[in-house]
Amino acid sequence: MEVQTTKKKCVSCLPEEMLEQILVRLPASTLLRCRRVCKKWNSIIRDPQFIMAHLQQAPRCPLIFFPRESRSKKLYPSEAILFDEDWAPSNWNASVIEPDDLLSASCNGLVCLYSDKTTIKIANVATGEFLHLAKPVTKEYKVIRFPCERRSFPVGNVNFIQVYTLGDDKWRNVRSPKAQILDYEIRPGVINVGGAMYWLVDDKESSWGCTVVSFDLNEEHFEWIRMPNHNDLYRTGVFVVKLEIWTLDNKIDQSWSRKYNIQLPSLHVRIPNHFFIYGDKIAIYDCHRNMYFHKLMGQSIEIEDSKMVKLLNYGSRFDTMLQSYVHVKSLVGLHAYSRAGNGIVRRPKQLEAWGLKKWEKWTLDLSSLMKRWINIHQFEHLITV
Amino acid sequence: MEVDKGKGEAEETRKVAEADRDTVTLKSSDGKLFEVSKEAAARLSTVLAGMIAGGSIDDNGTDLKQIGSEALENVVDYCNKHANSIPSAALISSSISFNTAPFKEPEEWERKFVDRLSHDALFDLVEAANFLGMERLLDVTCHKISEMMKGKSPDQIREVFNIKNDYTKEELEEIRQELAWAFYDD
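Taken in sequence, the protein lines are chains A and B. Residues in the first sequence are numbered consecutively from 8, following my numbering. Residues in the second sequence are numbered consecutively from 878, following my numbering.
Hint data in this document are derived by calculation from the structure and do not stem from the laboratory. You may find that some hints are simply not true.
Unchecked claim - Quick list of the computed label-pair ranges, beta carbon to beta carbon:
#1 B:Arg988 x A:Ser313: 51 to 59 Å
#2 A:Glu23 x B:Glu916: 28 to 36 Å
#3 B:Asn1039 x A:Thr126: 21 to 29 Å
#4 B:Glu1047 x A:Asp91: 29 to 37 Å
#5 B:Val924 x A:Asp209: 52 to 60 Å
For glycine and all other residues, C-beta sits at the position ideal for the given N, C-alpha and C.
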């Protein structure tokens, strides 16, 4: 290209692959807006290959989820807090997550939800699209169901799981080869990393009392993985002060290595369920219902109060219910997985910043309850006088 | 002032070059000569590495007809700055983190380096980086351009980047309708 004398260089002068390179770095929300710039941009952003490239590189952020619960005769709806690229709580309410929905997984831009009232729901939180797997209608996303998921007893009798490939006609049963049990432990839950699901099962023979089961989503086979050898091990509950992060380096020879050695400042600082390490950050929370992150530098890390970056205060929700997932805001669409686009619903956007509108009703309820108590108290007082 | 600074650095480069003579001379489309350390050029540019290895480097100035003098000066400047910088702790630590991001965040000096460029100079530099196969410089410049798009309306983006709106009103409305449910603000 010769030296140009035009006033302003334009992006459109750049070769298309460079324009893609620039656009692919933008967050999903900006990309949706960029579709209106011009036809060329629109066609790039809608291209399935571009969407996949964007999904690959988009930052992985936390998605904090509080399942619905009832406490002290009060009902709390399910709700999610999304974080944006800069790790700030998003101003947008994840409207695809309804008050009764329970979150079961977050995988490559899509989340999987279920509730008592409806069938399993697959949703893209960033674009607001969702699809119910009501009447089973590319082979990239699979839904795994544990047949006795919601029954707490009797335990130890699950020896198969149900697999559904998005776009398929029906669910399939995949049996455990060793007639071994597959029941997972509720607390760490089931996680998906790199195309496989992992969960912990009881194992009396292991010094840990448990073993990791992995299910390869592509090959659809199970593997039992020994926990790393450790001298002074003891399993703990919620309260930990010292934390070691081990990673599974190789599934075949089952080798583990210690990635981080983390010292928490006190018993008041805890780690959430499911995921808590996002790239070079660890997510933690304290007994005052504040959520923080802390940078992981080096291998030995002492978490100091002063270096914890506060993310938010989650107010009246209970941290025992707090779940945290890895989420990526992507443009992944659901069209490929439904029959001729049937059944896809788009939920209108809702601007409901966490801690603003959301708790208005709740605090109003509480204040009316307080008023009633005061009235009763005054009434009792009158009677006794 | 910018030019003076550039000249100063170019002179400095020449001094360094004279000291070890391990440099290559590059010639811009408008005939200006620039010298850059052979090591840095080979490390940062796949095209220059290929030329050095293939012996197609001209001692009197390798012709780079596609790159203007201003862009080439920036390329050389970047190579020199890169050679002198020590990777930050953040870059080292991210190599052992779990989710490896394909794009590494620009470092502070790289940010400053692209921030001082004019609009046109930035685009010339992207093209030069692309032509010379300079992956890291391409990363840094693309990052800068994408930063310029964030938080802007379609109208603002068109204005900043000089893009013609080829939509009809009806077409725009159609897309707006389709995206009415999406997770963004306007």
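Of the hints given before, which are not true for this structure? Structure breaks hints 1 and 3.
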